[in-house]
Structure formats: C-alpha cells, structure tokens
Amino acid sequence: MNCKEFRSTMGDYVNRMLGRDLAGSAEIHLSVCPKCASLVKELESTSVMMRSMDRATAPVGFEERLKARMAARQEHKPGIMERLSAVLRALFLPPGHRLAVRPAIAGLLVCFVIAVSIFMISQRQPASEMDWAYIHACQNQHATFAGTNPLADESAVALRERVRDLGSEL
Amino acid sequence: MLNADAVLVMRCQEDDCEAFDEIVTRYKDGIYNYVWRMVSNREDAEDLAQEVFVRAFAAIKTFRREANLRTWLYKIASNLCVDRYRRAGLEKQWMVPLERQQNDSVRPIDIPDHSSDPRRCFERSELQAEVKKALLKLPEKLRSAIILFDIEGLSYEEIADAMGCPIGTVKSRIFNARMKLRGLLKGYVEA
Amino acid sequence: MRPIRLISLILVLAAAQAHAIDGRTILANMLKAEGSVAYIAHEVTTLAREPAVTSEQTVYRSGFKGSRVEYTQPDLLKGEIRADDGKVLAHLIPKDKLMVKRPSRIAGMREWAEHSAKALQKGEIEVDLVGKDKIAGRNAYVIELHPRHHHQGKRKLWVDTEKWVKLRTEDITPEGTVASLSYYTKIEFVKNIPDGKFHVETPEGYRVEREEGPIRTMPLEKVRRMAGFQILEPSYLPSGFKLAGAAIIPFRDGKIVSIRYTDGVNTLSLFQAKGETLNPRFLKRLHEGPVQPGRGIYSWRKDDLNLTIISRISMDDIRRVAGSVK
Numbered sequence: 001m002n003c004k005e006f007r008s009t010m011g012d013y014v015n016r017m018l019g020r021d022l023a024g025s026a027e028i029h030l031s032v033c034p035k036c037a038s039l040v041k042e043l044e045s046t047s048v049m050m051r052s053m054d055r056a057t058a059p060v061g062f063e064e065r066l067k068a069r070m071a072a073r074q075e076h077k078p079g080i081m082e083r084l085s086a087v088l089r090a091l092f093l094p095p096g097h098r099l100a101v102r103p104a105i106a107g108l109l110v111c112f113v114i115a116v117s118i119f120m121i122s123q124r125q126p127a128s129e130m131d132w133a134y135i136h137a138c139q140n141q142h143a144t145f146a147g148t149n150p151l152a153d154e155s156a157v158a159l160r161e162r163v164r165d166l167g168s169e170l
Numbered sequence: 001m002l003n004a005d006a007v008l009v010m011r012c013q014e015d016d017c018e019a020f021d022e023i024v025t026r027y028k029d030g031i032y033n034y035v036w037r038m039v040s041n042r043e044d045a046e047d048l049a050q051e052v053f054v055r056a057f058a059a060i061k062t063f064r065r066e067a068n069l070r071t072w073l074y075k076i077a078s079n080l081c082v083d084r085y086r087r088a089g090l091e092k093q094w095m096v097p098l099e100r101q102q103n104d105s106v107r108p109i110d111i112p113d114h115s116s117d118p119r120r121c122f123e124r125s126e127l128q129a130e131v132k133k134a135l136l137k138l139p140e141k142l143r144s145a146i147i148l149f150d151i152e153g154l155s156y157e158e159i160a161d162a163m164g165c166p167i168g169t170v171k172s173r174i175f176n177a178r179m180k181l182r183g184l185l186k187g188y189v190e191a
Numbered sequence: 001m002r003p004i005r006l007i008s009l010i011l012v013l014a015a016a017q018a019h020a021i022d023g024r025t026i027l028a029n030m031l032k033a034e035g036s037v038a039y040i041a042h043e044v045t046t047l048a049r050e051p052a053v054t055s056e057q058t059v060y061r062s063g064f065k066g067s068r069v070e071y072t073q074p075d076l077l078k079g080e081i082r083a084d085d086g087k088v089l090a091h092l093i094p095k096d097k098l099m100v101k102r103p104s105r106i107a108g109m110r111e112w113a114e115h116s117a118k119a120l121q122k123g124e125i126e127v128d129l130v131g132k133d134k135i136a137g138r139n140a141y142v143i144e145l146h147p148r149h150h151h152q153g154k155r156k157l158w159v160d161t162e163k164w165v166k167l168r169t170e171d172i173t174p175e176g177t178v179a180s181l182s183y184y185t186k187i188e189f190v191k192n193i194p195d196g197k198f199h200v201e202t203p204e205g206y207r208v209e210r211e212e213g214p215i216r217t218m219p220l221e222k223v224r225r226m227a228g229f230q231i232l233e234p235s236y237l238p239s240g241f242k243l244a245g246a247a248i249i250p251f252r253d254g255k256i257v258s259i260r261y262t263d264g265v266n267t268l269s270l271f272q273a274k275g276e277t278l279n280p281r282f283l284k285r286l287h288e289g290p291v292q293p294g295r296g297i298y299s300w301r302k303d304d305l306n307l308t309i310i311s312r313i314s315m316d317d318i319r320r321v322a323g324s325v326k
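Chains as they are written, first to last, in the numbering used here: chain D, 1 to 170; chain C, 1 to 191; chain U, 1 to 326.
Okay, chain D solo, but in the shape it has when bound (with noise of 0.2 Å):
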C-alpha cells in the first residue's frame, strides 16, 4: 500500500472501520512511512479528545416541562388543514360503514391529507419562539442600569454578564 492508496483509507483507519486485510496493509505502511504515520497519530488525538468529552444529562425536570409543553400544544386550536383533515377522515374512514365503491381512491386522498397536514403542523412549530436579540438587548440595558449604582457589586455585575456569555464554558 502506497500513501495515495492509504490516504484514500485513512478516514476509515482512524475510525476503526477498516476490515482486517485492510487494516493489516494499512498498519503495514504506516510503520515505514513516518508522514502518514505523523498525520494518523494527530487524527487519532482529536478521536480521544472526542470521545473523553463529559457527556451531558438532560437537566433536572426536563420530562416534566417537556409533558407541559407536550398539552400546551394539545390545547392548539386545529388550524384549516386539520378541521379538514378531521372531516375527510370522518367522511371516508369511519369504520365499515362507508361505500366500498372508492376505498383505493378516498385512502389515497386521506393520505394527502393527513400528510399535508402533518407537514404544515411541523412547519408552524418552530424549534425557537424566543427573540433572543432582543431579550439579550434588554438584559444589556438592565445590566448597565443595575451595574451603574454605587451600591451594587459592579464586578459581579459584569461577571454573571460573562457568564451568561461564554454559557457553560466557565
């Protein structure tokens, strides 16, 4: 294995991908070429630097806010596309009382709906609600308002806007 042949087989190598022949040649090359060698050796630290990563748990209550938001949604009031939804669903699907005359082509049509609907459901609910520029525009404001009295801790003041800033890095 030469180093262009290795190269094209290096991403599967650091990832422990490669099948056995494969790795042996790989292994093989790496010990007489010192540049593949190099560059494989600082592949693999950002692998362990990866995967030493702390992993973090979903915080404390998050099943609990995650029900609220779950029936909070629930308590969205059908838009046109579901009220239809309901409607053909309840005109073609009720169960076997229907004409059996259309069933291919009244399924085919439910299906449109619902998936339609489905889509337009996902599109209205955005991952974000907040205006975080402008929320973080009035934290400023109030910071500086807060921070300028003469009997509040202006360096924690500016700290926790730090903090708030760099998040969980510090």
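Bear in mind the hints are in silico, worked out from the structure with no lab data behind them. Check each hint, because a few of them may be wrong.
[To be verified] Simulated pairs of lysine to any residue, SDA-like, Cα-Cα distance not exceeding 20 Å:
#	chain 1	residue 1	chain 2	residue 2
1	U	326	U	234
2	D	67	C	26
3	C	132	U	94
4	C	61	D	71
Since the structure is predicted, the reported quantities are computational estimates derived from the model, not experimental observations.
Dock chains C and U against chain D, hints included.
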C-alpha cells in the same frame, strides 16, 4: 422478534402514553448531549431537545416499527439544529443568547435558572473547553457528523440515515472534521 | 464623686459620643468617596452557583472619571479588559479577537450616587452598622443595608474607615444566602490615574461590535416625545420604588423604550417595543400568553406593544407590576 424500541413504538401507536415516557427516559440524555454539543448552551439545548420529542410524539403513529427509533430521533434533532441555524442566523450573532428557558404553556410558570443548576455536569478542564470551542468553529454539518460518530457512537449507516446523506458523505464529513480539529487544536494534538 | 473626676468622665463620654458613627453616616461618606477617590486594587469576585464562578481582576478606579478592569483569572477571562472612560465602555476580548463597545456605566454613576444619597436622607434605605473588620489590610466598618419598605434581599458592605471606599460587597438573597461577593485583597490609593488608562485602542485584526444605547437616562417626558408610540406605565410598583429615568435603545429598524425604577438598592427595568421590531415567532408566542425567558425576566403583550420586565425582585411582584401596566 421485535426489539425493545419496536415494542415501545408499537405501544405508543396503540395510545399507551407510558410507552412514550419510556422513550423519552431512554433517549433524553443522548439527544440532549447531541444538541448541546451543536448549540453550545444548555437553555437552547433543552429547548431543542424537548422539540425533538414533541415532534416525535406528533409523528409516532406513522413511524415504521422496523425502522431504527434511535436514528429517527437523531434525525429529528439534526434537522432541528439545521433549521435553527438557518432561521435564527445564530452564527452571525456575536453574542449567543444567555440564560434561557422556554416553557410553552399558556400560563407563565417560574422557570428555574439553570445557570445555577447544582447538577451541572459539564467539562472543567482547559482541554475540554478548547475542544468545545474548536467544535463550535466547525461548519455545522461536519460538527454534527463527528459528534454523532465520536460522542454518540452512531455507525456510518445510522449517521447517513440521521443526516439524510450517503455513507460516503458521512465518511468525508467525519474526516474533514478531524482535519479541521487537528488544525484548531494544534497545541493539544499528539504528533 | 469628686468634681474633677466627674468632669473627666463627662469629657470622656463626650469624646466617645463624638467618635460614635452610625450606618447612615458611613454609607453617606461612601457615596461621596465614590466620586473622589482614586485607587488601584486586586479584586476577587465570586458568583454563588453550582459550582461557584470566581474571577480575579486588577481594578483601576478614578472617581466618576473612569474605571478599568483587567481580568487575570480564570483562564477563560484572562487578558480581557473593560475600560470605561465616561463615554464608552470598551470590552476587549482577545480570545475572540473582539472589541465590544457599550454605553459607559461610570457616566451614570454620579447621578445614581446622588439619587442614593437622597434616598438615604429620606430614610428610604435602612443601614445598620453591624461590626468592624479588616479587608486588604485596612480597617473597615461593616454595614448592612436594605430598602425600608421590604426585604427583597440586602447588601452588606465593608467600608474603609479612612478613605470610605467599598472594600467588600456581599449581595444577600431574601433567604439569607450570599448570591455574590467581591472583595479587594490589595489596594493602593493614588492621587491620580492618567486618563489614558481608561481608554483601550482596538488592536489590528479585531472585530468591533457596538451595543447601542444612551449613556444617561432621560426624563420620561422626553422619551415619550421621541418614542413614536404611546408608552405604557405601571400603576403599581413595590413600596419604595421610584422612577429613575428612561431611555431609548435603537434596535433593528425600530426602538426599545426602557423605563427604569429603583428603590435605591433594587432595580427594575420595563422595556417596550412595537410588534414589528421583534421576530414573528416571538410575537406569536406572546399572543398566546406571557413568557418567562429566564429568571427575573417576564414578557407579555398589551395592545400592539411587547413589554418585558427585568428585575431581581420576586416574580409575584414582577407579575403585579406587569398587570398594572397601562
């Protein structure tokens, strides 16, 4: 024979709410860890992680039992992260939003301040902080691929499924991510 | 008792009385010293969180003229400088090759100090002398202060007995725990600090970010005229809270109006902006009901305005204030 996840999905599809609770318990940490590594702050991470499960719940009835539940959840998470970057333009804002909580209920409730959460479990050492910073400098698709592979332990196939791309693309994203990390962490990589 | 002994006793008692000092006098002297004393100090600041976050910094202060803070710990903050020359607070962040320019904080401090001194005179701030201590090798009076009308938390200050400078500050929660503390480990009083010390040039290759906003608050009437929309005000404020001023902050293509209230110790800001200034998702969310984006932050919608309160007072009080806004 059905695996444990498939059984849970089946129960969910039969309106067994406890089954979905179990899915959340089983996967919340992995999903949370992934989105936290993607967006770098706990409050956004919780918001996104919760949204993953809300969407999963909304779509569980149409989920094929034989498909991989875990991959599906990461797929939702990955799409939400992409969506967030695209819509919010987060990478363009110089200040990442700070103490944040979100509660979707109509009545406001007192949301605990997670910045003083006594159950913090985040990295302390300088190296971990540097790796975290370097990760955030990676383009989001490379970051996603390497987090899913190295930290979440997904296979190439599972990542391909989660990210909606061919396996070859997954391999190249992971490789390119490693090359970039190698450059960003020059003082820390062993040569 | 012999007359001479009686006279001596009276003289001693009179001398003792002359040297007796109370909390209010100490605080009044401290507020005066804020504007007149110059010093260089090493400071430690700790925020009570889990785990606690501690920073160390070198502080340069020259009354209300300027201040400069150079972080030395932790590593993540090392090298950062915050320099306030009375016009701009420049925050240099070498790690990110970033310079953030914000409105000055020290510029408003004179006004605040005067406001606090008045509040003290009127008895709106209660101050107790609780002891004596030694900080950074200097003798200090220890005083505790809180607004007269309520105990939404208090401050404990260690005040230099000679120079009347704050040597240590503790922010204490209503539950009696310390939320944050800062203290000097070393302090050197100087005649003067050169003006250049409070100014930081932007190094080459650094990105500059500017945060808009006025240096000083304006009278509410002026802000009402400049706002471009009808400003709402609360009819309820917790006891002791008074209007401290207002400000207009340019934001996106519109404005955020900020009205500020204080009881001398605690602060409350009420922000309001027209709907189109904010992003549509947040607007939609506010239509559904009030939102609490974080601790001490409460947002809601009224008429066609979006309002936000930020304060460290209790959530009940915040909601009550919000409910009274019209």
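We went through each hint and held it up to the structure:
1. Taken as a hint, the residue 326 (chain U) and residue 234 (chain U) pair is honoured in the structure, with Cα atoms around 6 Å apart against an allowance of 20 Å.
2. Proximity of residue 67 (chain D) to residue 26 (chain C) is assessed by CA-CA distance (about 15 Å); at most 20 Å being required, the pair is judged to hold.
3. Between residue 132 (chain C) and residue 94 (chain U) the CA atoms are separated by roughly 18 Å; this keeps the pair inside 20 Å, and the hint holds.
4. Between residue 61 (chain C) and residue 71 (chain D) the alpha-carbon distance is near 18 Å, which keeps this suggested pair within the 20 Å criterion.
In the structure shown, no violation is registered for any of the earlier numbered hints.
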